[in-house]
Structure formats: structure tokens, C-alpha cells
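Starting from the known structure of chain C, fit chain G onto it as the hints suggest.
2 protein chains.
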Amino acid sequence: MKKNMIVGQSGGPTAVINSSLYGVITEGLKSTSHIDKIYGMINGIEGFLHDTVADIRKEEHLHQLDLIRTTPGAYLGSCRYKLPEDLTDPVYQTLFQKFSALDIGYFFYIGGNDSMDTVSKLSKYAASVNSTIRFIGIPKTIDNDLMETDHTPGYGSAAKYVATTVREIATDANVYDNLKSVTIVEIMGRHAGWLTASSILARKFKGDNPVLIYLPESDFSTEDFVAKVEASLASTPNLVVCISEGIHDKNKTFICEYTQSAGVDSFGHKMLAGAGKYLENLIRERLHVKVRSIELNVCQRCSCSHLSRVDLDEAENAGIFALHCALQGQTGKMITFCRNRSIPYELSYGTVDVNLVCNREKSVPSEWITQDGSDISDSFIDYVRPLTQGYVELPTKNGIPLFAYRK
Amino acid sequence: MKKNMIVGQSGGPTAVINSSLYGVITEGLKSTSHIDKIYGMINGIEGFLHDTVADIRKEEHLHQLDLIRTTPGAYLGSCRYKLPEDLTDPVYQTLFQKFSALDIGYFFYIGGNDSMDTVSKLSKYAASVNSTIRFIGIPKTIDNDLMETDHTPGYGSAAKYVATTVREIATDANVYDNLKSVTIVEIMGRHAGWLTASSILARKFKGDNPVLIYLPESDFSTEDFVAKVEASLASTPNLVVCISEGIHDKNKTFICEYTQSAGVDSFGHKMLAGAGKYLENLIRERLHVKVRSIELNVCQRCSCSHLSRVDLDEAENAGIFALHCALQGQTGKMITFCRNRSIPYELSYGTVDVNLVCNREKSVPSEWITQDGSDISDSFIDYVRPLTQGYVELPTKNGIPLFAYRK
Numbered sequence: 001m002k003k004n005m006i007v008g009q010s011g012g013p014t015a016v017i018n019s020s021l022y023g024v025i026t027e028g029l030k031s032t033s034h035i036d037k038i039y040g041m042i043n044g045i046e047g048f049l050h051d052t053v054a055d056i057r058k059e060e061h062l063h064q065l066d067l068i069r070t071t072p073g074a075y076l077g078s079c080r081y082k083l084p085e086d087l088t089d090p091v092y093q094t095l096f097q098k099f100s101a102l103d104i105g106y107f108f109y110i111g112g113n114d115s116m117d118t119v120s121k122l123s124k125y126a127a128s129v130n131s132t133i134r135f136i137g138i139p140k141t142i143d144n145d146l147m148e149t150d151h152t153p154g155y156g157s158a159a160k161y162v163a164t165t166v167r168e169i170a171t172d173a174n175v176y177d178n179l180k181s182v183t184i185v186e187i188m189g190r191h192a193g194w195l196t197a198s199s200i201l202a203r204k205f206k207g208d209n210p211v212l213i214y215l216p217e218s219d220f221s222t223e224d225f226v227a228k229v230e231a232s233l234a235s236t237p238n239l240v241v242c243i244s245e246g247i248h249d250k251n252k253t254f255i256c257e258y259t260q261s262a263g264v265d266s267f268g269h270k271m272l273a274g275a276g277k278y279l280e281n282l283i284r285e286r287l288h289v290k291v292r293s294i295e296l297n298v299c300q301r302c303s304c305s306h307l308s309r310v311d312l313d314e315a316e317n318a319g320i321f322a323l324h325c326a327l328q329g330q331t332g333k334m335i336t337f338c339r340n341r342s343i344p345y346e347l348s349y350g351t352v353d354v355n356l357v358c359n360r361e362k363s364v365p366s367e368w369i370t371q372d373g374s375d376i377s378d379s380f381i382d383y384v385r386p387l388t389q390g391y392v393e394l395p396t397k398n399g400i401p402l403f404a405y406r407k
Numbered sequence: 001m002k003k004n005m006i007v008g009q010s011g012g013p014t015a016v017i018n019s020s021l022y023g024v025i026t027e028g029l030k031s032t033s034h035i036d037k038i039y040g041m042i043n044g045i046e047g048f049l050h051d052t053v054a055d056i057r058k059e060e061h062l063h064q065l066d067l068i069r070t071t072p073g074a075y076l077g078s079c080r081y082k083l084p085e086d087l088t089d090p091v092y093q094t095l096f097q098k099f100s101a102l103d104i105g106y107f108f109y110i111g112g113n114d115s116m117d118t119v120s121k122l123s124k125y126a127a128s129v130n131s132t133i134r135f136i137g138i139p140k141t142i143d144n145d146l147m148e149t150d151h152t153p154g155y156g157s158a159a160k161y162v163a164t165t166v167r168e169i170a171t172d173a174n175v176y177d178n179l180k181s182v183t184i185v186e187i188m189g190r191h192a193g194w195l196t197a198s199s200i201l202a203r204k205f206k207g208d209n210p211v212l213i214y215l216p217e218s219d220f221s222t223e224d225f226v227a228k229v230e231a232s233l234a235s236t237p238n239l240v241v242c243i244s245e246g247i248h249d250k251n252k253t254f255i256c257e258y259t260q261s262a263g264v265d266s267f268g269h270k271m272l273a274g275a276g277k278y279l280e281n282l283i284r285e286r287l288h289v290k291v292r293s294i295e296l297n298v299c300q301r302c303s304c305s306h307l308s309r310v311d312l313d314e315a316e317n318a319g320i321f322a323l324h325c326a327l328q329g330q331t332g333k334m335i336t337f338c339r340n341r342s343i344p345y346e347l348s349y350g351t352v353d354v355n356l357v358c359n360r361e362k363s364v365p366s367e368w369i370t371q372d373g374s375d376i377s378d379s380f381i382d383y384v385r386p387l388t389q390g391y392v393e394l395p396t397k398n399g400i401p402l403f404a405y406r407k
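Heads up: the protein sequence lines correspond to chains C and G, in order. No gaps in the numbering here: position 381 of the first sequence is 381 in the UniProt record's numbering, and each next residue is one more. No gaps in the numbering here: position 172 of the second sequence is 172 in the UniProt record's numbering, and each next residue is one more.
These are calculated hints, taken from the structure and not from any lab test. Careful: at least some of the hints might be erroneous.
Under the rule of at most 27 Å between Cα atoms (straight-line distance), these lysine-lysine pairs were calculated in the DSS-like manner [said to hold, decoys possible]:
#: 1; chain 1: G; residue 1: Lys-204; chain 2: C; residue 2: Lys-180
#: 2; chain 1: C; residue 1: Lys-206; chain 2: G; residue 2: Lys-397
#: 3; chain 1: C; residue 1: Lys-180; chain 2: G; residue 2: Lys-82
#: 4; chain 1: C; residue 1: Lys-290; chain 2: C; residue 2: Lys-228
#: 5; chain 1: G; residue 1: Lys-82; chain 2: C; residue 2: Lys-407
Excised from the complex, chain C in its bound form (with noise of 0.2 Å):
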């Protein structure tokens, strides 16, 4: 008996959260025997409950699709909403009363480890009042910090986008290499620090820049650090330090809070800056080099510019397979992406309990970081490396990428 899908997107964006959207609605097109209806959630979860959805058979959707595929962002709009833990909330019967009006049996979340829990949730709350809808989640996050899959749809690309913008910038750097200097480069990761990790792939040789790489996986010593900085001096005139905007000290204080001492400005607001701004500070007290900070802006997660052809196929098979995984009757499951090798890069999909994955987070391991917490070891080359790599050429129009969007 054919039943509608319903797909939605959740948390924040990254460069291919639309391939995986294009994946998953290509394959339920081409369901014809099982899908009927396909619709998406504007605004995931929190825009259902108020109505908020699109027939994405409607040709100002399909004439996109393609289009859709490379764009970055959350085409259907995204949010940031938490389910109540109790599940005798009203809530979950007016959910499942406007699944029932839609005849939804396929429900896909695309999103990171709160998203996760939305699926889990929703999948409980089927099996206690017998609901025979399905309920899959695709992973997404440029944090890559999701449990049980060996990384996450969206990482591949921020982490080439990421290197390729640290090696600009030490290029940058060194244009003036006839004065020292000391530039830090602040990037995404308030708990995990792979994407800042990922910077070591900016290196051209051995003491290459970024000399220094932090993770908030270490606890953070700022006198470790001017004393680092100090010594990468000597041989590197012009330094690129890459750190995560997480970083802490031993206390668990984020380094960035200590920044809220700054003062207020002219509106009586605090003058919030980040880690990357008070090291900043730190290195022209006490070394009295040239020194600026730079924090990497949300491009990091919403650039199509640097593009891996690894990660965006990969971002569309996770919803391709999330589609048949539905149709095969699995449930309160998460897509994971297991590797087989490293070196030829050689990946299978396959599914977990997604209770397994949300609420958690996963780590950088401490073997991939040295022992002085200041740099990654070159095994982690190894892992990131595949992710990053093949070339998409992009849709353009007078010279700018073509972008698909809701009219």
C-alpha cells in the first residue's frame, strides 16, 4: 500500500546537508511503487507543528532539484528545536495527528546529534501507540562529531575549505616576510576539534604553517602557549597558529570567556571576542611581535567554493540508502558510514540505534593529537585526506555559483 514521505532539515547548515535532501527525494521519486506524496517540512520539525509544509513534486521544487544538489545551506530552512523528554506530551499526538492527515509512513530527519534525538523520540513514541511510520535520520554536521560512523556528511568539505583558507592566509602572511609576525586563526568547534584538525592539510612540507594547531580536546595553558609561540618564532619569522573556538584551560574555562573582562562598548553591551582575540592580545603584551586574528566565518559551513566530490556523492548516498532503509521497515535509525580502508579510500554504509548517536558527541582520540596538545599527528592525515578530495564543477551564471532557492 503506498504511503507519503516526509523529509526535513535540522540544526546548522553545511555544504552538501542539500545533496543528502536531493538523495533521499530522487529515490523516493523513483519509488513509485511504495512513496506517493513527498513532502518537506519548511523549517524541519519546529515549522511542521505550525503547518509549514511544501509538495516537493510542485515544479517550482523539481525544476531545482539539480540544482538543489550543490547549493549549500538548508534549502527547506532549518531550526532548532527540542522535543520534551516526557512523551505524554501533547505534542507528540499532534504530531503524529498531522502525520496521520498527511499519511506520512516515511519520516527523514537530516541533521546532527540534537536532530538524532528528535528521531529517537519520534520513533518511541510510534512504537508506544503503534504507529507502523518509519523514522530515519541522516547524519549531517561539519562538526564531524556524531557517534558510531566513522565520520559525517558535510566534514569532507568545511575541512578542504578550511585548508585551502589556512594556506591562503599563511601565504598571506608571509608576504611580508622581512618582519615577524604571528597570525591565529580561529575556527569552528566548540567540543570537538576536527575541523580544526583538518587544518594540518594546509602544510606544504614538514614545519610548514600552521607550526601550531590547538584542539579543545587538550586543556589549553596560555603560558605553554607564549612560550610556543616564542620558540616557532626562531624558525618560522611569519606564524599561522590554527585553534578551535572551544579551546579551554585545565579549569574547563573556555579561553574566550576571559575576553568578557574586555569591557563595554558604547551601548553598555559586553565586548564578546572569541579565543582567537584574546590570544590575540596575550601575544602583542608579552612578545611585542605584529599580530592579528582571524575567525573563519560561517563560510567554513556554507561555502560551495571547495567542494569535495567524496563528501557531496557521499552526503546524497547517505539519503539515497536512508530511503531504502525506510522501505526495508528499519526505524529509530541513523545512517553511518563505516570504512573499510583508508588507503584505497573504500566506504559502506550501514545503520545504528540512532539512541547510540544523539545527545553524544564524539572526540577527536587523543593518539592523533601530540603529547603537548600543540599539533596533530600525521596519522590523522591519513583519515581526513579522502574525505577532502575530487573536484565538483558548480553551476554558474555570470560567473557566480548558481544557488537553488525557495520562491
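Only chain G this time, still in chain C's reference frame:
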């Protein structure tokens, strides 16, 4: 009679300044009947004064020549050094003694208006001592603010970077389109708004983001700004605004200067924030909406990620043309771009007395800025678009762009 040539780079880097270096060197290598040795000044005229000169015909440089063409930054290194106004200053005698010692017949300097000042002074001194050395300036700057030329090498690629990045940022801003938000993007350009103006290319349709664009060519009113933002939010809930770093009020006070009252950080340093940060706080204070500011980092001047084929080729041709002009006996000149037409785009190369260029700045004409100073007129698009066209395939290794560098 054969002579030697020397080339240097000066001022801030661009994505294609090395393409001009590639052009003048490769053409010099071909001119075997007139040119013998090819020298490179390391860190411009300042480095030359300290005898940091490279023999470009050495294998370590020659084998990287093709790579140099697409490497951003300044392969020879740069400087910000102003020669004394007084031509009787002993530094000129010193310089020309060094020129003679190296048997220099041709001097090429790749840079902006400060660098053209160096070309001007050296050529004037040469005339005063009857030196036969020919001094030619090769323009470069992402600011596009040089007089007497339609545009400058480096601007097209920077404009393409800004347009693409702003479109990506706008896509990211739309992810939570159930909430109102303002994103302020601060773009380089202290006195001229050419680069900020190029953000108009990010618009996918009329009325699309960036809805508001502010250049330093117009006086900025914070009251008008708040009103414009509030009005624009009605039709564009996720508003993106682009501003030049150099926007100023009618008293010519830079908006960023108002942040200097922002207080001191924990080291007692003034917290200097940009105009974007100031306006972010202003909008939060006055309109109580979600607001963030993004300062585009140095990549807008050093990224090769959005190279314009037109820009790269024109930069190389400027180097080639410069060598021919020198061989023809021209001196004290800068290479100029003369646009014959925009559609189809057609360019010819010329020269101009460097004294008409140095220490002057070209602003965006008022007819390309809307009456209220909050937007760019569509006619500007016909000017800028041809400069951003064409794709350049970069040499890569393991998926990351390969850059040339001095060993």
C-alpha cells in the same frame, strides 16, 4: 647592448600579482637579444637596499614559474617603503650605485599608487643623472583605485570572491527564515568602495540580498541606516547589508572610530572593532533583532579560490606589455587598461605618465551610487561583470591548491 632587468613587488598582495610577475619574467626570458640576467627584489625596494636580490634564472625559481602564475600573495615578498621626497637624499645615489653594480637596464615595479610613487621618484632621479635605466610600473590592487586606468589587475578576482562569498553568506542567513535577522558584511576599502560595490553581483534577483550596500564615497548616517534596515526587514526577513570598512559620517569621522570608546581588554588595550561590529551593536540596541557582523578576512585579497580568468590574463599581459614598453625606451610610465567596450568586453593596453597616478585615488563615480547612498546602480554591473568572468583551473595536490614559494 644587453642589459639586466630587475622586478619587484610592493604593497598588499592580490590573487594575481604573481601573474604579472610571471608575465614580465617569461617575456624577459624570451628577449635574449636585449636582456641578460633577470633579478628579483626580495621585499621590494626596501629589501633591495639590503641587497636581498634573487637570480630568477636559477632552477629553484624557474622550475616554479608556471606555479607562480596562479599563486596568490607576492612570490618575491613585499614592502611598504616610501622613498624620500628630496632627490638629493643619499639613498638615491646608493640605489643607483647598486643598479650599476648589477648592470640594470630595466626596472619593473608591481604595485599600487604608493609603489608608483617609487617609480616616479626613481625615474626623476634617473633623468637628473642621465641614467638610461627604464622604470616601468605595473598596476595591482584589489582596491581598483588607481587613476588613468579603467581598472586594476587584482580587482576582478577580489570582486568575484566578494560576490560569491556574500551570496554564500546570504544563503546561510536564510537557513532560519522563520526568524528576522540582520547580517552586516564588512568589506575592504578604506577610501574607495569599488570592492564593496561588487557585492551587488551576489543578488540572484531584484530585491535579493545584499539589499543595502554602503560605500565610503557617500556620507553615512546611522539614523538613516537604522530606518533603512527596519524598512527592509519587512520585505526581507533575513537581511544582508554590505558596508565598506571606510564608511564615515558627514564630519568625515570613520564609523569604526566610534567603537574606540568601547573600553579596554584585560591587557588595557583599546578594543578596536570595525564599523560592522559597531553597526551590529547599534541594530541590536535599536531594533532588538538577531544580528551578526562578518568582517571578510584577508582572503578577499589573497584567495585564489575565485580567480577570474579575465583578471589573471590581464595581469599577465600587463607584465608582458611592460617589458615591451621598456625595450621601446619608455620610462616613468605605468601600464594602463583601456576598455574599448563592455559588451562584448574588449580591452587594449596603454601607458601613462606615472606622476598622474602616484599618491592619488580613484573613487566610485556618483552616478553609480543611488541618491540615498544605500545601493549601487545597475549600470555598475556592466562595468564590473566582465572583469570577474572565466574559470581558472588551479594546479592542486591532494585536493588543495598548490602554491609556489621561495625555498
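We went through each hint and held it up to the structure:
no., hint, verdict
1, G/Lys-204 with C/Lys-180, "violated (43 Å)"
2, C/Lys-206 with G/Lys-397, "holds (15 Å)"
3, C/Lys-180 with G/Lys-82, "holds (20 Å)"
4, C/Lys-290 with C/Lys-228, "holds (16 Å)"
5, G/Lys-82 with C/Lys-407, "violated (54 Å)"
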